[in-house]
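Those sequence lines, one after another, are chains A and B.
Going by this note's numbering, the first sequence opens with residue 1, and the numbers climb by one from there.
Going by this note's numbering, the second sequence opens with residue 1001, and the numbers climb by one from there.
Keep in mind that the hints were calculated from the coordinates and are not lab data.
From a predicted model like this one, the values you see are computed outputs, not experimental measurements.
You may find that some hints are simply not true.
[As the list claims (entries may be wrong)] In silico contact screen, one side only, chain A against chain B (beta carbon under 8 Å); selected entries: (1) A95; (2) F96; (3) W167; (4) R174; (5) R191; (6) R252; (7) A329; (8) V334.
[What the hints assert, rightly or not] Okay, the calculated beta carbon distance ranges per label pair: (9) B:S1009 with A:R155: 19 to 27 Å; (10) A:E382 with B:D1060: 29 to 37 Å; (11) A:Q75 with B:D1006: 37 to 45 Å; (12) A:R421 with B:S1066: 37 to 45 Å; (13) B:R1136 with A:Q362: 29 to 37 Å.
Note that the Cβ used here is the ideal one computed from N, Cα and C, for glycine as well.
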Amino acid sequence: MTEHKPLTGRARPDRRPHSLDEWRKLGGYAAVERGLKTLSPEQVLDMVDDANLNGRGGAGFPAAKKWRFMPKSGQSPGDGPSYFIVNGDEMEPGAFKDRVLLEAVPHQLVEGAILSAYATHSSEIIVLIRDAYRDAIANVTRAIAEAEAAGYLGRNVRGSGFDVKMWVHPSAGRYIVGEETALIEALEGKRAVPRKRPPFPAQSGLWGRPTTVNNVETVSCVSHIVANGAQWFRALSCTEEGGTKVFGVSGRVNRPGIFEAPMGTPAGELIEQAGGVSGTGVLRCFQPGGGASGFLGPDALDVPLDFGHVAKAGSMFGTGTMIVLDQSACPLAVIARHMAFYARESCGWCTPCRDGLPWVAQIMFRLERGEGRMEDLDVLRETVAIAGPRGRTFCDLMGGAMAPLGTGLARFGDLFEAHVREGCCPIARQYGRTAA
Amino acid sequence: MTLSTDLRSAITHVMDHHGGPRAAMLESLRMIQQAHGWVCDAHLEEAADILGVSNAEMEDIATFYSLIFRQPVGERLILMCDGASCYLNGGEDVRDAVMARLGIGFGQTTPDGKYTLINICCVGGCDHAPAAVIGRDRKLVGPLTADLIDEILGEAAK
Ligand SMILES: Cc1cc2nc3c(=O)[nH]c(=O)nc-3n(C[C@H](O)[C@H](O)[C@H](O)COP(=O)(O)O)c2cc1C
Ligand code: SF4
Ligand code: FES
Chain A
1 MTEHKPLTGR ARPDRRPHSL DEWRKLGGYA AVERGLKTLS PEQVLDMVDD
51 ANLNGRGGAG FPAAKKWRFM PKSGQSPGDG PSYFIVNGDE MEPGAFKDRV
101 LLEAVPHQLV EGAILSAYAT HSSEIIVLIR DAYRDAIANV TRAIAEAEAA
151 GYLGRNVRGS GFDVKMWVHP SAGRYIVGEE TALIEALEGK RAVPRKRPPF
201 PAQSGLWGRP TTVNNVETVS CVSHIVANGA QWFRALSCTE EGGTKVFGVS
251 GRVNRPGIFE APMGTPAGEL IEQAGGVSGT GVLRCFQPGG GASGFLGPDA
301 LDVPLDFGHV AKAGSMFGTG TMIVLDQSAC PLAVIARHMA FYARESCGWC
351 TPCRDGLPWV AQIMFRLERG EGRMEDLDVL RETVAIAGPR GRTFCDLMGG
401 AMAPLGTGLA RFGDLFEAHV REGCCPIARQ YGRTAA
Chain B
1001 MTLSTDLRSA ITHVMDHHGG PRAAMLESLR MIQQAHGWVC DAHLEEAADI
1051 LGVSNAEMED IATFYSLIFR QPVGERLILM CDGASCYLNG GEDVRDAVMA
1101 RLGIGFGQTT PDGKYTLINI CCVGGCDHAP AAVIGRDRKL VGPLTADLID
1151 EILGEAAK
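If we strip away everything but chain A, and leave its shape as in the complex, we get:
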């Protein structure tokens, strides 16, 4: 399919979505029809398992593994539905990949969601979409209505005996809503504060019912796996992890954009596709997967970008949307903006995050202005040690925030010290404040 770009190959450049008829002419809904009528839920699940589909929302958890925790129909305790939730909250700094999938190819998401609900024995699908994505909200809502009218949603889907409902829940700001247990709280009409785990959502999620949450891109892959098979999906990738990836490249590049490419495509190739490094034209560093991923240097341009390889290289693949810094961009300034973001978006539940992040942000801005002290660096290092990746906070917001800070301190220790010693940003002095 379209040069091996199954997810974005059919998207129109202006992102105008297809009507149901147009989508069916492009092969749409065939996998739904066939999947529900000829495959059991377990067979769909096994296909997704064999395809090695890892979650695209940030953590890279294998989709099928998560799905296997869902009880089979009739085997869940008590009465009520199981829920399949699509996470379209996308607010991570530098992340803009789900937007195109929601806006331009909403029927692909509906197809994927129906099959995912079938495999997880869920009868209600909720798509949460952030407020700023109004076109996405409208386009997915319309696609759902069309699918319902054509019998792909509702009672007894296309005569298969499977019942499923689907609707959109528009959100209204706050990054923490994207954390899956906070998202479940949000859907219950509460303040979106993360829940304690266990119990995991598959045991007790929305309204206490079995629930699975997956990212928009993860779900968008599912109909392709059912249509073309697990082997085909794995073969799309350069590595063990299956599929293509909707990469993003932004920051200091000449032609920032979304690039669907084989999973495992190295950063160097993607930066090239994005027209090369802008500004000075010389790469200083990059974050491979959004604001909460650690910095990598020019030595990592050949690392295959997938969850396993990027973790081994000392960062996190996260959302797969890269932020690029050239020589004239100061990593301290970027970290300061990230810290201000995470501090603002903290839900306020636990102290290191609620009180620590604003403090860290203040220190970073002070350092950037050249007003920092050497002791500040100790405070930053201590904070990373206490709350760093897999640290002692209630959810991963704080740990994620510590990734750029911790890797920044480790990689650019000299630069931090130079800001203190010289009483100014040495990079800004050389190149100007926001030279691009």
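Dock chain B with the ligands against chain A, hints included.
Quick look at chain B with the ligands alone, frame taken from chain A:
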């Protein structure tokens, strides 16, 4: 002020079809805001009444979400991205220019009630950085430059 019949029935519809009264709280607030620009006490209380939840529960939700406005906002809303990719492309220069032109900072409304300026995290337009979303339809605009301010303000008027 009371809610229109249309809004009242839309709220009931969401409650009946999308997971019950609690699940419908945020959507009710959003619909009220879309129609009136912000959510006043009387509207919040009326929606709580339709849903059968307390005013305090409704307020709990209204105050948690950063894009539910509990005070009047200008006719023209400008949500400027303060994410890293926009910063790296000169977003703060544009921010400073917009602030200087309007004479207000983030979270403020011009004295004539026309413009409200708010900072917002990455708006998913990093390929158009520096970017903003404007107006009630959250139209994505970018790449912005300081000389484009008049256009931005014009777009926000739509
Ligand atoms: C603070 C925070 C914000 C998150 N925001 C999102 C988001 O906007 N979209 C998303 O898909 N996952 C987000 N996640 C990850 C989700 O918790 C969850 O792991 C993901 O939706 C699961 O989908 P996947 O397995 O398909 O990746 C966030 C996590 C944290 C800790
Ligand atoms: S780490 Fe931060 S966002 Fe997560 S629960 Fe604690 S206070 Fe809330
Ligand atoms: S950082 Fe501004 S749109 Fe993404």
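- prompt: Taking the beta carbons of S1009 of chain B and R155 of chain A, is their distance inside 19 to 27 Å?
  reply: Given range 19 to 27 Å: holds, Cβ gap about 25 Å.
task: Answer holds if the nearest beta-carbon of chain B is closer than 8 Å to that of R252 of chain A; otherwise answer violated.
output: 6 Å, holds
query: Does the nearest C-beta of chain B fall within a distance shorter than 8 Å of the C-beta of A329 of chain A?
result: 6 Å, holds
- prompt: Do the numbers back the hint for W167 of chain A, that is, is its least Cβ distance to chain B under 8 Å?
  reply: 5 Å, holds
query: R421 of chain A and S1066 of chain B, beta-carbon distance inside 37 to 45 Å?
result: 39 Å, holds
query: Range hint 29 to 37 Å: satisfied by the CB atoms of E382 of chain A and D1060 of chain B?
result: About 35 Å separates the Cβ atoms of E382 of chain A and D1060 of chain B, which means 29 to 37 Å holds.
message: Assuming the hint says 37 to 45 Å, is it satisfied by the Cβ distance from Q75 of chain A to D1006 of chain B or not?
response: 43 Å, holds
- prompt: Within 29 to 37 Å or not, the Cβ separation of R1136 of chain B and Q362 of chain A?
  reply: Holds: the Cβ-Cβ distance is about 35 Å, inside 29 to 37 Å.
- prompt: How about A95 of chain A: closest beta carbon in chain B under 8 Å, or not?
  reply: 6 Å, holds
- prompt: Per the CB criterion, is R174 of chain A less than 8 Å away from chain B?
  reply: Hint holds; R174 of chain A Cβ to chain B Cβ min 6 Å, cut 8 Å.
query: Against chain B, is F96 of chain A within 8 Å by beta-carbon distance?
result: 4 Å, holds
task: Please verify that hint: R191 of chain A, Cβ, nearest Cβ of chain B, below 8 Å or not.
output: 4 Å, holds
Going through the hint list in order, the structure satisfies each hint without exception.
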